[in-house]
Amino acid sequence: MVKLTIDGKAVEVPKNSYLIEAANAAGIKIPTLCYLELHKDKRGDNASCRVCCVEVEGRKNLAPACATPVMEGMVVKTDTARVIGARKMMLELLLSDHPQDCLTCGQAGKCGLQDLCYQYDIKESNYRGIMSDFPVDESNEFYVRDMNKCVNCRRCVMACSSFQCTHALDFASRGFTAHPTPPFDDPVSESVCVSCGNCVSVCPTAALLPKTKVKYRNWEVSRTTTTCSYCGVGCQLDLLVKDGKVVGIEPVDGAANNGLLCVKGKFGYNFINHPDRLTTPLIRKDGKLVEATWDEAYTLIVDKITKTKAEFGGDALAGLTSARVTNEENYLFQKMVRAGFGTNNVDHCARL
Amino acid sequence: MTNSIAEVVNSDVVFITGSNTTAGHPVIGARIRQAKQKGAKIIVAEPRVIDLSSDADVFLQIMPGTNVALYNAMMNVIISEGLQNSAYIEERTEKYDDLVAAVSSFTPEKAAEICGVSADDIRAAARLYAKAAKASIFYSMGVTQHTTGTEGVMSLSNLTLLCGNIGIESGGINPLRGQNNVQGACDMGGLPGDLTGYQKVANPDALAKFEKAWGVKLSDKPGVTLTEIVHKAGHGDIKFLYIMGENPMVSDPDLNHVEEALKNTEFLVVQDIFLTETARLADVVLPAASFAEKEGTFSNTERRVQRVRKAIEPIGNAKADWVILMDILNRLGIEKQYSHPSEIMAEIASLTPSYGGITYERLDQLGSLQWPCPTTDHPGTTYLHKAAIARGKGLFKGIEYKPSNELPDQEYPFLLTTGRVLYHYHTRTMTGKVDGLNALSPESFIEINPTTAKELGVNDGAKVRVSSRRGEIATVAKLTRTIKQGVVFMPFHFSEGAANMLTNPALDPISKIPEYKVCAVRIEPFDRVSDYV
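Chains as they are written, first to last, in the working numbering: chain C, 6 to 357; chain R, 2 to 534.
No lab work stands behind these hints: they were computed from the structure.
We treat Cβ as the ideally placed atom computed from N, Cα and C, and that holds for glycine.
Hints are not guaranteed to be accurate.
Unchecked claim - Cross-link-like lysine-lysine pairs, in silico, DSSO-like; alpha carbons within 30 Å at most:
1) C/293 <-> R/264
2) R/39 <-> R/337
3) R/210 <-> C/312
4) R/222 <-> R/398
5) R/132 <-> C/314
6) C/293 <-> R/218
7) C/312 <-> R/398
8) R/37 <-> R/132
9) R/311 <-> C/312
10) C/309 <-> R/218
As the list claims (entries may be wrong) - Here are the simulated distance ranges between beta carbons:
11) R/464 <-> C/284: 35 to 43 Å
12) C/295 <-> R/223: 34 to 42 Å
13) R/55 <-> C/76: 40 to 48 Å
14) R/265 <-> C/280: 31 to 39 Å
Stated by the list, open to error - Footprint (simulated), chain R over chain C, 3 or more residues, beta carbon under 8 Å:
15) 147-156
16) 184-193
17) 229-239
18) 244-250
19) 280-289
20) 312-326
In isolation and in its complexed conformation, chain C is listed as follows (with noise of 0.2 Å):
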């Protein structure tokens, strides 16, 4: 463990965490653009931002909190004047860029440069930047790639090389025309991405932004973890809800996980509200299927299960219970067959 002191706070985090690392554990937050939450194993590998810088005592220059390690004894400040002075430059350098349309930007209330203006007061820029005029990607299925709003943050090609290591992504040119692309500018449909969208889930603008079919404010989804209904590896995830319907999806750091989802569980919620869902029970009358009550079903099936059962005996009734829904319902299906229709006639697809 190393001690050391912040904002005249003693904090003790373990060796090897960085500034930014034992700031958040003393409870002082640090702003950051570009540091991966969600992905700690890197987590402070990007330092591009430098909106995290700090004061060291005994340093000449301000360190970036995010790649600073700590030392035993450091004495940190984390508000000084000469802090927030480089802070707001740092910001309104980044705005000197960035298109000013957060009235209807989709990003809006969950922009880490807009939060980050809102914070330090920022207005406007004192700079005047070359603003880009890179042309919309709109050909990937389920996001758009919009370089003008793009921060430099890094953020996107570290989770696409080092943590989904799909290594569609990079940067190309130099200053105000620096930017994250597939290889040759080429529209992302043609480049090796496999829309897994973690690049998406990680972006603090609207630079990459989820096509959705209904539009949303961030403030106004409510937001429920749970776990993804795809494949067996049990990817944890937060449903954004609006008006009852799910409207989007974003990762979260589970065990399995580690704060990656494929293309299916960041972008496959579809089906859930999908008008062809089936919302009443349906019983067959002359051959075609009418719909009819809860209870109507219940009564036709329990009279059949208990006529089948007289007639033929449990072992001519069988279910077949499923691996898409939970182990509670599993239990009590399973339960059903064995205790209800008096048999062991059990199983389901885990052979298909």
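Knowing the structure of chain C, use the given hints to seat chain R on it.
Just chain R, lined up with the frame of chain C:
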């Protein structure tokens, strides 16, 4: 999985066999690549060039159905070069001689001929695996969906025991389960011979415990498996069939036979979120809530129990499956009521030693728990067989290589193997409702090597008729060098041009798994306009 997903990043060698991991389990595929970036060596044995092949230090493009031949030859190399972990074998295993007897004559040259790869590559893979301090194996249905599937798994188990990779962190033998809760469905007794936690119905003590808890007399006769249920339904021996959240009309082998069987069932109940191909044949269809509309737990491929939480109300008059099942149980005279799935979990925990310490309070507090978790102060188990192999000693089984049930011949000259694509899930009940996924993978296709295609007179994108002894379908030819000549591949997701119209329902005698991965087919180009369906 004997081990946990997160452990793979610290493996020295990762052996992937019978799994197109980046398509079937994309996030685990990413973790394997993270391991590669940290310096792990990768071995891939697959019938097709998959994404992970480009990460592989040794890539063995084996013929489908020849897994056991490959593993036996790898073990032959390991033993003949003295690379086995003798101390581990001595201390932790038994019947080693059986293994030696089975593999001693199975040289890499012999396997090379059967598998269609070079003997030197088999040697390289064997040495790489054996010399690693921590080597993990990841496999999926490419190993199991064969008439010799169980033996394929046993053979992999031999390999891990031979090199002392069971019971260590970042090692192990790790089956990747295909569905979100296939592990849980097995754990919860969704198997004909097993009650919860794999307690056997034939075990009188276990049965008595459940009889007491449920207040009814239970049958001690193991039931029949899915494939046998379908078979019996076809013969009129199953008169009442209740299917929950499954679509055998796309997922089962030999679909013509399945359709006939389901139509022949006197009374069919289907409970699902959509009117699936299977639900269309039902006498009663019950509308279920999706995962977003209910509380519960799923158990993932690494035995990790995690919460499912309700985000929205059930759509229309749909009900959560647990509510429907409770209602029917109550009407059948089993009167226990549950106000929340946490109460069902409490009942499960009371009857299931491996889930004994799992409660909703702990799951909410800790995020997840991996079974075995016998008591409420147990932290769960990240990897199995740590102190000792669970059954006492790791058992070697001498496994002989046996060819697949149906191999190409003059009439059906191509070997068809099936699998998944990244953009769809199982029978597309869910992913088929997502526009973007349909755009990326719109229809059924068959992968054919360009040389084979040229002989057939088939161009890329052309419509072809594919037939087997069980049926015929129309699909689209996709020419690719990622597949060998003479072998063709189809995804099984699509109901139009369904691969499972063709597949062979021959079963593994032990697990009753069908041989989806190998059957013989004929391919013909559509040469007249009238051929088009």
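Okay, the hints, checked on the actual structure:
Pair hint residue 293 of chain C plus residue 264 of chain R holds up; C-alpha atoms about 14 Å apart against a cutoff of 30 Å. Proximity of residue 39 of chain R to residue 337 of chain R is assessed by CA-CA distance (about 53 Å); at most 30 Å being required, the pair is judged violated. Proximity of residue 210 of chain R to residue 312 of chain C is assessed by CA-CA distance (about 28 Å); at most 30 Å being required, the pair is judged to hold. Our distance criterion of 30 Å between C-alpha atoms is met by residue 222 of chain R and residue 398 of chain R, whose separation comes to about 28 Å.
Using a Cα cut-off of 30 Å, the hinted pair residue 132 of chain R and residue 314 of chain C is violated, with the two alpha carbons roughly 59 Å apart. For the suggested pair residue 293 of chain C and residue 218 of chain R, the alpha carbons sit about 38 Å apart, so the restraint of at most 30 Å is broken. For the given pair, residue 312 of chain C sits about 47 Å from residue 398 of chain R by alpha-carbon distance, which is inconsistent with the 30 Å threshold. Only pairs whose Cα atoms come within 30 Å are accepted, and residue 37 of chain R paired with residue 132 of chain R is accepted, the gap being roughly 17 Å.
Only pairs whose Cα atoms come within 30 Å are accepted, and residue 311 of chain R paired with residue 312 of chain C is rejected, the gap being roughly 37 Å. For the suggested pair residue 309 of chain C and residue 218 of chain R, the alpha carbons sit about 20 Å apart, so the restraint of at most 30 Å is met. Remark: the range hint 35 to 43 Å for residue 464 of chain R to residue 284 of chain C is upheld by a beta-carbon distance near 37 Å. Take residue 295 of chain C and residue 223 of chain R: their Cβ atoms lie about 38 Å apart, and the range 34 to 42 Å holds.
Between residue 55 of chain R and residue 76 of chain C the beta carbon distance is about 42 Å. The supplied range of 40 to 48 Å therefore holds. With their beta carbons about 33 Å apart, residue 265 of chain R and residue 280 of chain C fall inside the hinted range of 31 to 39 Å. Counting residues of the stretch 147-156 of chain C whose beta carbon lies closer than 8 Å to any beta carbon of chain R gives 1, which falls short of the minimum of three for the stated coverage. With 0 residues carrying a beta carbon less than 8 Å from a beta carbon of chain R, the stretch 184-193 of chain C misses the three-residue requirement, and the given coverage is violated.
Taking a C-beta to C-beta cut-off of 8 Å, the stretch 229-239 of chain C contributes 11 residues in contact with chain R, enough for the three needed, and the coverage statement holds. Residues of the stretch 244-250 of chain C with a Cβ under 8 Å from some Cβ of chain R number 4, which satisfies the need for three, so the listed coverage holds. Given as covered by chain R, the stretch 280-289 of chain C passes the check, having 9 residues with a CB less than 8 Å from a CB of that chain where 3 are the minimum. With 10 residues bearing a CB less than 8 Å from a CB of chain R, the stretch 312-326 of chain C meets the requirement of three and the coverage assertion stands.
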